[in-house]
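Student: Listed here are the chains, written in short residue letters.
Protein chains: 2
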Amino acid sequence: MKIETIRHSLAHILAYAVQEMYPGTKFGIGPAIENGFYYDFEFVEADKRGYQRGLTRITPEDLPKVAESKVSSPTRAIAKGQDERSSSPTRAIAKGQDERSSSPTRAIAKGQDERSSSPTLASLRVIEEKMRELIKQNIKFEKKIISKKEAEEIFKAQPYKLELIEELTRVRPVSDLHGSDRCQIYQSGNFIDLCRGPHVKSTKEINPDAFKLTKIAGAYWRGSEKNPMLTRIYGKAFKTKKELDDYLQKEAEAEKRDHRILGQKLDLFSFDDEVGAGLLLWHPKGAILRKIIEDYLYKELTAQGYQWVVSSHIGKLDLWKVSGHWELYRENMYSPIKIDEEEYMLKPMNCPFHVKIYKTKIRSYKELPIKYAELGTVYRYEKSGVLHGLVRVRGFTQDDAHIWCGPEQLSTELTKLLKEGFKILKTFGFKDFDIYLSTRPEKYAGTAKGWQKATNSLKYVLKTLKLKYQIDPGGGVFYGPKIDIKIKDSLGRPWQCTTIQVDFNLPERFKMNYIDKKGRKQRPIMIHRALIGSIERFIGVLLEHYAGALPLWLAPEQIWAIPVGSRHKKYAREVSQKLSDGGARVEFKDENKTVSKKIRDGEIQKIPYLLVVGDKEMKTESVRIRSKNKDLGIMKLMKFLEKVKIEITNKK
Amino acid sequence: MKIETIRHSLAHILAYAVQEMYPGTKFGIGPAIENGFYYDFEFVEADKRGYQRGLTRITPEDLPKVAESKVSSPTRAIAKGQDERSSSPTRAIAKGQDERSSSPTRAIAKGQDERSSSPTLASLRVIEEKMRELIKQNIKFEKKIISKKEAEEIFKAQPYKLELIEELTRVRPVSDLHGSDRCQIYQSGNFIDLCRGPHVKSTKEINPDAFKLTKIAGAYWRGSEKNPMLTRIYGKAFKTKKELDDYLQKEAEAEKRDHRILGQKLDLFSFDDEVGAGLLLWHPKGAILRKIIEDYLYKELTAQGYQWVVSSHIGKLDLWKVSGHWELYRENMYSPIKIDEEEYMLKPMNCPFHVKIYKTKIRSYKELPIKYAELGTVYRYEKSGVLHGLVRVRGFTQDDAHIWCGPEQLSTELTKLLKEGFKILKTFGFKDFDIYLSTRPEKYAGTAKGWQKATNSLKYVLKTLKLKYQIDPGGGVFYGPKIDIKIKDSLGRPWQCTTIQVDFNLPERFKMNYIDKKGRKQRPIMIHRALIGSIERFIGVLLEHYAGALPLWLAPEQIWAIPVGSRHKKYAREVSQKLSDGGARVEFKDENKTVSKKIRDGEIQKIPYLLVVGDKEMKTESVRIRSKNKDLGIMKLMKFLEKVKIEITNKK
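Order-wise, the sequence lines are chains A and B. With this note's numbering, letter number 245 in the first sequence gets 245, and the count goes up by one each step, no holes. In this note's numbering, each residue carries its 1-based index in the second sequence increased by 1000.
The set of hints was computed from the structure by calculation and includes no laboratory data. For every residue, glycine included, the Cβ atom is placed at its ideal position computed from N, Cα and C. Honestly, I wouldn't trust all of these hints.
[To be verified] The following residues of chain A were derived to be distant from chain B, with all beta-carbon distances above 10 angstroms:
id : residue
1  : 19
2  : 154
3  : 208
4  : 250
5  : 322
6  : 328
7  : 330
8  : 408
9  : 411
10 : 475
11 : 530
12 : 598
13 : 619
[Said to hold, decoys possible] DSS-like mimics (lysine-lysine), calculated; alpha carbons at most 30 angstroms apart, straight line:
id : chain 1 : residue 1 : chain 2 : residue 2
14 : A       : 359       : A       : 416
15 : A       : 291       : A       : 639
16 : A       : 593       : B       : 1652
17 : B       : 1338      : A       : 645
18 : B       : 1299      : B       : 1361
19 : A       : 265       : B       : 1361
20 : A       : 578       : B       : 1652
21 : A       : 321       : B       : 1338
22 : A       : 593       : B       : 1645
23 : A       : 598       : B       : 1517
24 : B       : 1517      : A       : 291
25 : A       : 593       : B       : 1359
26 : A       : 652       : A       : 468
27 : B       : 1517      : A       : 569
[Claimed, not checked] Example chain B residues on the side facing chain A (calculated, C-beta under 7 angstroms, incomplete):
id : residue
28 : 1307
29 : 1313
30 : 1340
31 : 1356
32 : 1357
33 : 1564
All chains should be built: construct the whole structure from the sequences, respecting the hints.
Tutor: Structure, rendered in structure tokens:
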């Protein structure tokens, strides 16, 4: 039995349970999806309350409350307890294109407490119980092919099903299951659904302990905001309870690390509806984190021979025609801006500007490789539905660089690039990587020979550095072969960050030259490379990797100095000052709260070191150190300062 | 005699000379302007060469060459010599709205050597001689009022004059000099011009040694690019030769300091037609300079209690409607960009984003003042004609900050701001400032009382800090009073940089609050302030102030290590490495050039320290130091390193 079949059948069982518990409910559709299933409903009670089709936001109340008495106390405890906090908030958005837009960020941006979904979750537990009850009855799934008329009779009270019947019988070819006058239905107990199957033979095949209803969300009928918004109930399902538990635990862990939630908790960044979706506002602490990363990259790449440049965020449309972006990348670019009767574009890439700087002089082979780097903020169109916190945004800052070299320098440059690249990624605490080499696609710029040479260089370099990689045959961009690196976080999840691309196209399009040893004009080879990819996405990955507890060198606030009583304030201030003079980012926590509250706050904020100072510490010029929820005891202030300095220097 | 009258008469004499020397020339207009005059001509020879009206760019050849024999050798020597390099290049731009667009930058961007204008300048000298000859004839200026018919007869071969006659007699009221059937003309010798005067009585009143023709440029007839492009000849004129010489000397000095020329010479930045006018490309050395300034501001302002934020370059149009920019500042904003059926704007200001960050939390009086700073790149529309190097661009990075405080904190905050602001400006080497206080205009936001209080605070602060200032009555922006500071450069030229503006408007529009001591909601006062104004403009001012010879701490390249012979290379490399390890920006000049050539290059590039190392230096672990074109003798390497370190630390 395929797990997808079980999931699909569970969707029917969910609908069956809802039909029994909430008579009069209108049914949408209910497919199997990754790791589970869902079903879309229109609840009568919601309609009664004046819930306007497609206009009102869905709220927890849209799922009709089950009588309190029905909620058995252990279920209820779970429903309100910490465990459930990990389930996604139920607040959907008003204008989302599809259900994917019901992201926690949105809820967070609006200051919703995710626990407000608890009544809903309690209701879900009750529906789950009903489903288990049904499953235990060994209900059969029976397939029938009936006429359109019969179908219309069966679903006469189901407007969404009638719409489907009309469509299925109209457009499908006769050979299909549905079509002209035929409809396929599945009956299980008292529940009948229009359905192409397949299904389990009977609910015997379903493990009643291996599924769970996880959340509700609003979803427009057939995904169009012109249609009514239905209530979608999601479930997760597996073959065994262990698989389910493992999945839920992993999901809970991932959700504790959700950078969108951490971003709010640590006060790093926000989005704002009035500014626009996918456009970031970096708060002071987020800006410090950015600056630390930027300064580190600046220093590191300068030492590696990169030269920094700064370019405009807009450029004439013609520039993008020459570069080829207008032809090949237009769907990711925003509409033009008119200036003095000419059209300008927000840049989706920095490359043409760097090419222009290269071209301000006649270049000699002696200058090569020329390596330009920029922390360039680019703007690319993404559908609102796929925007996701920091990792999928509309404006982001690439750690972009371009290298121009002669063919004989390619291997050396690629080797340096990869070696130095891994050094940087490892400094940020990443250890595991998935490496992909993408080769020539069917359509390509440059010559087959050039591609072969470049691809060989890439392979040679990967081999020399003893890096394991997979080949993605034909997966290169049209302009050249590339290496992509996904970094794996502490949960083993891969995140696409690094890309190294050889480009035969732009040097040709922009007629770039250098003068070789013999005084002849030559085209340089161009390499595009982004190491961390984008600062925004990388910060998102860092937050998830470290579950917000950033290492000392990256933490926007490294140390809090907390006085025990008011007579310790002076000393606590001195401690702050000395550490601060020593180069640490320290906050003197002076506000009117108890010590334990301050410690709790500091732990929520994931401050690396919380220093508590009272009589004893004052007398001995010491500090009591708390780090990662543990008391590390007392240390002399100067010794602690040394320790901190060393840790920062070593980027720990 | 007013100098303007003399200048206007000189324009006629110029036209007279041209009429005599280039028969058949068509005449445009010739007014007095600041420091001189010009006259627009259409040369016949240019027409003959197929010079297409309004389509072809003007070139030096457009001014017909005078027979070589006429150019006396001293004149010619000057024309080609260093002196003349200071006169502006003659290359005008093809599309400029008016003559101001004939900027050297444009010529520079295209790799034009400004000396290519020498043949033209030689021609100008000859025309000048002709003018002197005419002046010495004591030619009278005679005013006449004639009929339209008579005028049409006189100017029958002059299409531009006929156009003016038609217009003047059509639209002017009868009471005017021109109008219905009357035209006023001036005759001087054989030259007659349509003119409202006034003029000198005779050329006796003109000092033949107190004027000079300085450049030619292309200028569209009546400033419209739909019209033919004429050749404009400029002259400077004063009452005495001394005044002229002083002016020319000052101009030459200013031109040696022209940041657009220095920007190219020092390889700091460029503009590119394909990228777009007023949009900068910062080359590696320019990017270093930016980074030094940015890092200094970051450190300094962080120490002053500012928190840094980072915001998007675009935001929804509605945001700008709320802020009021759409209503009041639209002409400086670019056209909207469409994203998912909504309109977004490139930001001309950072303020609304900072307000949004403020509003992500409920703020307490305990948090005030909240001070957000951002190096925010904004885009503002400027007419192409007024764009000028770095000081007038379309995209620039503001050192922007916003302060929110309670009314009782206003004076303290303003005092800090000014004090700390001057400290920063002085660090960059500026000593003289012009300070302006602008008060309430007729239309204003907020209350008269609030304005009074804020204006008093500004005055109080200026007084307390013993700063001399001028009042600009009614010159405040509608939203609040302000202080503007112009910094004066080493030539005494004022540059608008700093602005400090109190704002009663945005806190109201965005409904900003804080909770006061008694738990009540209050509106904070908002201060906008930019200290250096924009990084781009400020770099322009720095380059002009220092004539490109930036102080050590700002110089992108601080030291060159030059080996005398190949056997000194190893030591020179060591020297570079040690200085570099010590934190200096050092170049090891290894290339195949003579020592003297390298020194000359270094002096052109305004490198603060050129170190020459040969046998003696190698033996004694020393360096021979050259700085600002002077030999400072030999110094032990380690001692020199210490000296450099101290100078960098002290920002010298």
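Student: What are the numbers of the hints that this structure violates, sorted from low to high?
Tutor: When the structure is compared with the hints, numbers 5, 16, 17, 22, 24 and 33 turn out to be violated.
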